[in-house]
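Two chains, two frames, some hints: make the complex.
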Amino acid sequence: MFFLIITFGFLLAMRGARPAPLQRPVEGFKRVWREAIDFFLTTSLILVFWTLITTVKEIQPFVREYTILSFGIAAYLLSRYQKKTDVFFLSVIASVFMIASEQYALLQEILLAGTVSAGIALFQTCFLGLRYKLLFSPVPVPVKGWPILCLLAGFISAVLWSLKSLVL
Amino acid sequence: MLLAYLPFMIYPYGFFKTSIAALWIVVFLWFTVAFFWFVRSFFPDRSLKPAFFLWLVVWAQAVWTLTKLPPYWIVSAFFLAPVSFLDDAVNPNHVRVFSKEVPRSQYLSISAKRKLGPSKPPFWKRRKKFGWYFFERMLTGIGFAGFVMMLALVREIAEKHLGIQAFKEPAGMMLVVAAVAFLWKNQPYRKRG
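Each protein sequence line maps, in turn, to chains X and R. Per the working numbering, the first sequence starts with residue 9, numbered consecutively. Per the working numbering, the second sequence starts with residue 67, numbered consecutively.
It cannot be assumed that every hint is accurate.
To be verified - Some chain X residues close to chain R (C-beta under 7 Å, calculated; not the full set):
| # | residue |
| --- | --- |
| 1 | Phe11 |
| 2 | Leu12 |
| 3 | Ile14 |
| 4 | Tyr74 |
| 5 | Ile76 |
| 6 | Gly80 |
| 7 | Tyr84 |
| 8 | Pro150 |
| 9 | Trp154 |
| 10 | Leu159 |
| 11 | Ala161 |
| 12 | Gly162 |
Just so you know, the hints here were simulated from the structure itself, not pulled from any lab data. Note that CB positions come from ideal geometry on N, CA and C, so glycine has one too.
Just chain R, with the same shape it has in the complex (with noise of 0.2 Å):
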């Protein structure tokens, strides 16, 4: 998540314009992952992280030539993608919310499984795994919307009405990104019941 806010700090948009191109990140997001479930069968093993490539790089190129936003949002896109989305690695990792480790991602990712063998579950099976799949992405796309939008206003804020200086430069964010993960690494104990 903070990686991929990083591209957002190239932008010399204000917090509407932000907003909206964040939204948009998470819209594409939700196609691409939709997309690359249902497609993800015609391609073969190798040929999966090219076509994930051309396909940002083409989706970077139409939004160009519609809104003429820069291209720096596919660095976001690629973060947010779904953990080993592309990757062959088997285990998922796990990740603390409010001090409960949580899977980052439940179903292993599209090479992961192909590793473990061919598997084909009845149609209505895929389906319900895809809604869980999915909800894990709309989960992610939503909470990245909103740190995107409250990171553009602390910006906003900071650099137009109160004029601080580190807000013009990486510096300002940057600080504020180290306060947020720090405020997320140590997040308060929760009690339980």
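Chain X with its partners taken away, still in its complex shape (with noise of 0.2 Å):
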């Protein structure tokens, strides 16, 4: 799970939603975060949705056997709905998919859902902080750019999962 997070958060920081200018990281940080509460609420609506499906037995082997299609249709049109990025709706069928295959109990998957959508936006916030840090920052012309925020995902990276080890 801490691969998804890293993973997304990173590429929804790159590529998610128009972010705010650098200059004003709070407005930065409070889209963010609201972004994160959409996906949580997306993402927990398929669990929710998908539970309730899978209780009708007419359908039931149907939707199992075609998850992946349910899930892909599903987060497509809430994404389409909510007006976001392509990257939204496959980080939503992604996280989806890794939680539904885990097969724990609904509530437990919404927890999940909500560990995962904190997690992309804690990793976001750091992201974040360190960019505007770096305006301020002589960086040598060589790393900027993508070798820059590379390596600043990387360390974000390191200390999150000192903070994982440190809690479980």
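Structure, rendered in structure tokens:
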């Protein structure tokens, strides 16, 4: 799950919703967490919907057979309804698939969705903060752009991993 | 290319399985490019994007049913899809390869072409154009497969043979990706002639 959080945290930070200008970090911070709430609600809604549908005996075999297709269509429709980006839709599919494949009870699945959303938001917040700090730092030209962004993502990932190891 | 690699970090596979998954993505990319090139005229502007995503999801389901490969690979396929394949950007970007500016896509995206107005070249000219268009995608695919295999090999050696803890978490691979990005950005100047 940690790999999912870092991967999609980075993807959403780079290609997610239109970011606020780096000069206004507070606005960017608000947007990150608003997106995380949307992500959590979308993921949870699909999981609830999935649980409800699988209780209907007539369609249960079909839905279980075509899990990814069902998740994909639901995620696409919900993302389009909210006018989200393509990366948001792809992240929702991946998260829902990973959470559902754990085969927990619904409440635990929703809790897991909340953890993933909060993790992604935490990663993006750290990423945003460090990018803001970089504005005032003399970054050498050869590492500007993708090298420094990947480096930041790597450092954040290492810190979050250590925190996770401390907590769990 | 960097973003397309990221979903591979989630797969808990070794070098061999990762390579097969990467090759599958490349074959799928080529097939998708060819498919949408020839059938694009059947789709109205607004339905091209939903059709593309439905195509991805249907294939993710099919591959999952047949091989149990989790559907994260569609994210890679999405990022590898031709530049502005579905967007309205009219001007292709440029990319630096060995200190030379090379257009990333010599041919405009499907939507951009439509924006410029209807044009109906004869079939043989369209086929020739497709050849060039496909050639670019072919190179992208080969480059991606090589890139993923190289990173999978690095991960395998670092994690299993050298036992470096950082490679059991995303940080190790992110640092390797940063190093690759650094080397790519600072390619040595190539003298002409």
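Status of each hint after checking the structure:
Annotation: interface hint on X/Phe11 holds; nearest CB of chain R at approximately 5 Å, less than 7 Å. Because the smallest distance between the Cβ of X/Leu12 and any Cβ of chain R comes to about 6 Å, under 7 Å, the interface hint for this residue holds. Among the interface hints, the one on X/Ile14 holds; its C-beta lies about 4 Å from the nearest C-beta in chain R, closer than the 7 Å criterion. Of the supplied interface hints, the one on X/Tyr74 holds, with its beta-carbon coming within about 6 Å of a beta-carbon of chain R, less than 7 Å.
The restraint placing X/Ile76 at the interface with chain R holds, with a minimum CB-CB distance near 4 Å, inside the 7 Å limit. Interface restraint check for X/Gly80: the shortest CB-CB distance to chain R comes to about 3 Å, inside 7 Å, so the restraint holds. At about 6 Å, the closest approach between the beta carbon of X/Tyr84 and any beta carbon in chain R falls short of 7 Å, and the interface hint on this residue holds. Annotation: X/Pro150 was flagged as interfacial toward chain R, and the flag holds, the nearest CB pair being 5 Å apart, inside 7 Å.
A cut of 7 Å between beta carbons decides the hint on X/Trp154: the least distance to chain R is about 4 Å, and the hint holds. Against a cut-off of 7 Å between C-beta atoms, the interface hint on X/Leu159 holds, since the closest Cβ of chain R lies about 4 Å away. Satisfaction of the interface hint for X/Ala161 is found here, the shortest Cβ-Cβ separation to chain R being roughly 5 Å, below the 7 Å cut-off. Because the smallest distance between the Cβ of X/Gly162 and any Cβ of chain R comes to about 3 Å, under 7 Å, the interface hint for this residue holds.
In summary, the structure agrees with every hint in the numbered list given earlier.
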